Amino acid sequence: EDKVVQSPLSLVVHEGDTVTLNCSYEVTNFRSLLWYKQEKKAPTFLFMLTSSGIEKKSGRLSSILDKKELFSILNITATQTGDSAVYLCAATTDSNYQLIWGAGTKLIIKP
Amino acid sequence: DTGVSQDPRHKITKRGQNVTFRCDPISEHNRLYWYRQTLGQGPEFLTYFQNEAQLEKSRLLSDRFSAERPKGSFSTLEIQRTEQGDSAMYLCASSLQLAGVGGANVLTFGAGSRLTVL
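Chains as they are written, first to last, in my numbering: chain A, 1 to 111; chain B, 1 to 118.
I should point out that these hints are in silico values taken from the structure, not numbers from a laboratory.
Please read all numbers here as calculations on a predicted model, not as lab measurements.
Every residue, glycine too, gets a C-beta built ideally from N, C-alpha and C.
Heads up, a few of these hints could be off.
Negatives, chain B to chain A, calculated, CB over 12 Å [unchecked claim]: (1) Q37; (2) E44; (3) S73; (4) R114.
With a straight-line Cα cutoff of 30 Å, these simulated DSSO-like cross-link-like pairs (lysine-lysine) come out [as the list claims (entries may be wrong)]: (5) A/K106 <-> B/K71; (6) B/K71 <-> A/K68; (7) A/K68 <-> A/K56; (8) B/K11 <-> A/K67; (9) A/K110 <-> A/K37; (10) A/K41 <-> B/K14; (11) A/K37 <-> A/K3; (12) B/K14 <-> A/K56; (13) B/K11 <-> A/K37.
Chain B residues, not near chain A, derived (Cβ > 10 Å throughout) [unchecked claim]: (14) D24; (15) Q41; (16) G42; (17) E78.
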């Protein structure tokens, strides 16, 4: 059965720290990996990763995919309280519609 | 375009009542998804539409759940005879799927409709 596992499930750090969130997957016909940030409401899109080893970057956030070891990481440097959220990853497949979601990592940034 | 809109944002109902949620996707998007999310979990797929056609329904979607997208624009999700286990956030998402391109694309989510069944 296809699955996506995120770790840790929750993480508490202080403002200014750097965090690394993990997403591993076992998915048949894997196509790409998506990262979303979810605060109190809708998940908002962060990154889509299709190729191994190519880092995607947006401000203090960056992400990379390893298709050999079947995982992705999301890095956040110089964390701020506004980074507090649940971070979700999802794998897409060639099935044309299905996304397989992880349970999320709840990140809390303390001032 | 203001993104994906969902209505109502919150609904409290008594067990046994019917509820209906509405989703207005991004206008140029041809795909529309419904997900359910409970605390501490990722979104759980319920169903999706390509234009007006409902192409897939999760096995989790009991007969009490029905979704429509009559003109390929907005969609409704109705839950009949609600149960306490239906309490969750119901998320709608839309995407633009180009012809001939396989695989799911990036989804844009609405703010969700939170259902509480007493």
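Results of checking the hints against the structure:
Under the 12 Å C-beta cut-off, the non-interface status given to B/Q37 relative to chain A is violated; the minimum distance is some 9 Å. Against chain A, the non-interface label of B/E44 is violated: not every CB pair exceeds 12 Å, the least being about 8 Å. Consistency note on B/S73: stated as away from chain A, and its beta-carbon is indeed over 12 Å from all of that chain's, at 19 Å minimum. Not every C-beta of chain A lies more than 12 Å from that of B/R114, the closest at about 9 Å, which undercuts listing it as non-interface.
Simply put, A/K106 and B/K71 have alpha-carbon atoms about 38 Å apart, too far for the 30 Å limit, and the pair is violated. Restraint check: the Cα-Cα separation between B/K71 and A/K68 comes to about 43 Å, which exceeds 30 Å; the hinted pair is violated. Our distance criterion of 30 Å between C-alpha atoms is met by A/K68 and A/K56, whose separation comes to about 18 Å. Proposed proximity of B/K11 and A/K67 is contradicted: the alpha carbons are some 42 Å apart, above 30 Å.
For the suggested pair A/K110 and A/K37, the alpha carbons sit about 18 Å apart, so the restraint of at most 30 Å is met. As the CA atoms of A/K41 and B/K14 are separated by approximately 24 Å, the hinted pair is consistent with the 30 Å bound. Only pairs whose Cα atoms come within 30 Å are accepted, and A/K37 paired with A/K3 is accepted, the gap being roughly 19 Å. Using a Cα cut-off of 30 Å, the hinted pair B/K14 and A/K56 is violated, with the two alpha carbons roughly 47 Å apart.
In summary, the hint linking B/K11 to A/K37 is supported, as the alpha carbons are separated by about 24 Å, within the 30 Å threshold. For B/D24, the condition that its CB be more than 10 Å from all CB atoms of chain A holds, with the nearest at approximately 13 Å. Under the 10 Å C-beta cut-off, the non-interface status given to B/Q41 relative to chain A is violated; the minimum distance is some 6 Å. Against the 10 Å criterion, B/G42 falls within the reach of chain A, whose nearest CB is about 3 Å from its own CB.
Once the 10 Å rule is applied to beta carbons, B/E78 is consistent with being away from chain A; the minimum gap is 21 Å.
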